[in-house]
Structures are given as C-alpha cells and as structure tokens.
Amino acid sequence: METQEHQVEGGRPIADSHITTDICIIGAGPVGLFAVFEAGLLKMRCHLIDALPQVGGQLSEIYPHKPIYDIPGYPSVNAQELVDNLMEQIKPFHPSFTLGERVEALERQDDGSYLVLGSDKTVIHAQVVVIAGGLGSFEPRRPDIPGLADFEGRGVSYMVKNPESYRDKRIVIAGGGDSALDWTVFLSDIAREVTLIHRSDNFRGAPDSAEKVFALASSGKIKLLLQSNLASVHGNGVLSQVGVMDKYKQEQRIETDALIPLFGLSPKLGPIADWGLNIDKSAIAVDTTDYSTGVTRIYAIGDINTYPGKLKLILCGFHEAALMAQSAFKYVHPAEKLSFKYTTVNGINAF
Amino acid sequence: MEETIHITVEDQNGGIRQLEIPEGINLSLMEVLKASEYDILATCGGMALCATCHIEVLEGSENLDPLNDAELDMLDTLPDASDLSRLACQIRLNPTLDGLKIRVAGNN
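These protein sequence lines map, in sequence, to chains A and G.
Each residue of the first sequence is one higher than the one before, starting from 175 at the first, in the working numbering.
Each residue of the second sequence is one higher than the one before, starting from 14 at the first, in the working numbering.
Think of the hints as simulated: they come from the structure by calculation, not from any bench.
Note that the coordinates shown come from a computational prediction; the quantities given were computed from them, not determined experimentally.
Do not rely on the hints blindly, as some may be mistaken.
Under the rule of at most 30 angstroms between Cα atoms (straight-line distance), these lysine-lysine pairs were calculated in the DSSO-like manner [said to hold, decoys possible]: (1) K47(G) x K486(A); (2) K240(A) x K335(A); (3) K114(G) x K421(A); (4) K47(G) x K240(A); (5) K484(A) x K47(G); (6) K455(A) x K114(G); (7) K423(A) x K47(G).
Label pairs and their computed distance ranges (CB to CB) [to be verified]: (8) N26(G) x L291(A): 51 to 59 angstroms; (9) K217(A) x P79(G): 51 to 59 angstroms; (10) Q283(A) x H19(G): 52 to 60 angstroms; (11) F360(A) x L71(G): 55 to 63 angstroms; (12) D52(G) x R282(A): 26 to 34 angstroms; (13) L443(A) x A83(G): 25 to 33 angstroms; (14) R341(A) x N39(G): 54 to 62 angstroms.
The C-beta atom is built at its ideal place from N, Cα and C for all residues, glycine as well.
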C-alpha cells in the first residue's frame, strides 16, 4: 500500500512500544498530518497514533478516489493524493507512527506531561497531546444481537488478525462485502468448515470474489446461507452455536468455534468521551485563540472540535493546527522564546 | 404559493415527529435529519460511501427514485439492512415526498 511505503520512508522505525516525543497527535488524518508540519517548523517532534491501519483518516478509509475542490491552491485533488502529499510535506520532520491501535487513556504526570496509552499496550510519553480524531476512531460495525458482546474474544471477533488461529476450526462469517468474500475464500483453505451468511441472494462485491465463493459453495467446500441473517449466539462462556434466520423467519442453529461478523467500519467517539474534556454533541469544545481544550497541554483540532462558527473543513483544521503549534511551543521548549518566521525566509529545517 | 413537504420520522427510541419542510429547499433527507438534530452520523457527508444515514421507509417508497448502485453497495455492508432500507443522503427533497414516513435506523 502506498501510504505504508511512505511510512517506512518518512517515519522512524519504532523499536519498542514505549515512545518519547514532544507532541503526541491522536489521529493521522489530514489535519493530524499537517500538525506535524506546523510543529516541525517550531522544532517540535511528533508521534501519531491512529486506530486505522493506514494514515489519512476518512480520506483514505472512506473516499480515497473522491476529488476535493476546496483545498487552497488545488483546483481539484483526490483524497488519497492529498494524504500522500501531506506525508511528503512532513517528511523533513520525521514523524513516527503507531497505526492500527486505539488510544484508551491519557495519564497526566506530575511534571505536567502526559502518558498516552494505546489499546495494544503502546505507551507514548509527550509534553503535549493534540487530539485530531475526526469523528472518532473507526471501529468494526457490531450487529445488534443480544449477548454478542459477551462472546467477544471468546469465539467472536470483528477482524481477522491471525488467519492461522482458525486452522482446522469451524467458522461462521457474516456479511456480503469484499472483506467477507475475500476472507471466506482465504479461510476455506485453512479452516475445517466455513459458513458464509449473507442477507441478500447475491453479492455486490468484486465479481470475481463472488464467483469464487459460489464455486466453493457448489463444490461443497463452504456452506453458503443466502437471504439469511445472524439472529442469535449461544455458548457456555465460549461461543459454540450461532442462530441463523432464513427469509421464512425459520431459525437454524449452526455448531461453530468462531463467528466473524464483517460489516465494515464506522467511526465512534470511544474513550475520548471519558477524558474529562468539555464534550458538546460528540465534539470537544475549544478556545479559538489556540484550540486548547481547557485541560492544560491538551489541544483539539479538526473535525473533532467545536466552537461558535465551526466548519468541518480540512482547510479550517490546517489553520487550527498552525495556531495550536504556536501555543504548544511553551510546553515543549519552555526556556526558549518563540519567534514567528516565514518558510519563504527561513526554509524548512529538517531534523 | 409555497407548499410544505410533510415527513413523519420515527427516531431510534420510537418517538414520532412530523417534519414540515418548505418546498424548493435544495437538501437531501440526510441534511434535513441532521438539521433536525436526529442522531445520525452521516460520516461521508452525502457521498453514499459510509452508510451512517441508514433509514427505513415505512410509507411512500413508491414516490422515491429507485436505488442506484452506490446506494445498494453501501446498504449491503450493513448488518441491519432490510427491504425497506435506504440511505437518507441519496434522497433529494421534492414535493412528491409529501406524506413520507420513515424510521431512523440504529446509529451504526
């Protein structure tokens, strides 16, 4: 993937899961990425953490091929191209990245700095925390089935992290998109038994993946249940059966070791709501002089913040990033005096 | 004379309200629902790319334009889609929608 190449080229390799940096940016969307540039001009290093496995936020995840028309200087630019250009622009400042990991908690230290704690045990020590979280972290859609959450990690998972863990197991996959089709094909060679459940009678994903799935079904290698919906989950502590409802509302039980619902990703505000910030309708209220949150050393920029007149535009987020960096400087370089310099005069001083 | 489009909306908690929308307003149903403070994300802003403005049309679906491919593709990714499902962002407001009844789907 292009973005990951950039990451290797532009980012420092991460030796272990304890990272020390000047600014920890939560969210690697366009605004989080540009914040690296504004911070870099003021000699502040950045580490970015994002729940998605790639940089770019919703631009890369939802609409990589859509043109954007309101970026100053670009009459039209594709979303992914903008992300790639931002990665190029921030390269001189060598940001580092933790991708595919959600931030769970912030811990204030006695000296005022913060520990940012990730869901996979990454710890980032930073003088300043910048929340550029957009609409929240992208998380798998969970079907609304009673008791499903109780089996998470006990047979139910929403993504395939290690295909080998399904070797010789019986698995049920639910969903009809590309990832459901691709994993059905892939896991049919690994698992003992694969059942795919889909609500309609055809697939709208990539035609060749759909063809493969139909071929596997007619050869008996997988079981295909169309016009069917996941209805219930059962087991004693560990998942052992799923109930599947057909179009005649008849429910059948299927014995299984694992259930993988694959219904795409959707953004959720998640733990940000619990960090003691001033939240107004899923957005963080900020002071527009520097986009600070009211909690010292924590800033919020881009779509995640709100203030009178707020517009959720990338260009507004860029502006917010610039003002944030000017304000954050005093925490990162307390002994130094901040002087404003133009890039045309000073150039870009890499570090 | 300016006409009004009446749309009856059932929210996620079963509450029912009638929206009165002036005709000639150039909005999608998603934008109207957001402006009326219904709990929908509409992450992608109306490009039929995220399926977070999912609604079910209870009455009046015969007056809607048929679903296009992009909308069908996105609906197909949802765990709770039904034959009544639409994406509100793909429904443009116009006078033929008067009397429409919809239910806003769970916030997913």
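Quick rundown of the hints versus the structure:
1. K47(G) x K486(A): With Cα atoms ~14 angstroms apart, K47(G) and K486(A) stay inside 30 angstroms; holds.
2. K240(A) x K335(A): Given pair K240(A), K335(A) holds - Cα atoms ~29 angstroms apart, limit 30 angstroms.
3. K114(G) x K421(A): holds, 25 angstroms
4. K47(G) x K240(A): This hinted pair holds, its Cα atoms lying about 23 angstroms apart.
5. K484(A) x K47(G): Judged against 30 angstroms, a Cα distance of about 16 angstroms means the pair holds.
6. K455(A) x K114(G): Holds, at roughly 26 angstroms.
7. K423(A) x K47(G): violated, 34 angstroms
8. N26(G) x L291(A): 51 to 59 angstroms: violated, 34 angstroms
9. K217(A) x P79(G): 51 to 59 angstroms: holds, 58 angstroms
10. Q283(A) x H19(G): 52 to 60 angstroms: holds, 57 angstroms
11. F360(A) x L71(G): 55 to 63 angstroms: violated, 40 angstroms
12. D52(G) x R282(A): 26 to 34 angstroms: Check passed, 32 angstroms falls within 26 to 34 angstroms.
13. L443(A) x A83(G): 25 to 33 angstroms: holds, 27 angstroms
14. R341(A) x N39(G): 54 to 62 angstroms: holds, 56 angstroms
In terms of the numbered hints stated before, the structure departs from hints 7, 8, 11, listed from lowest to highest.
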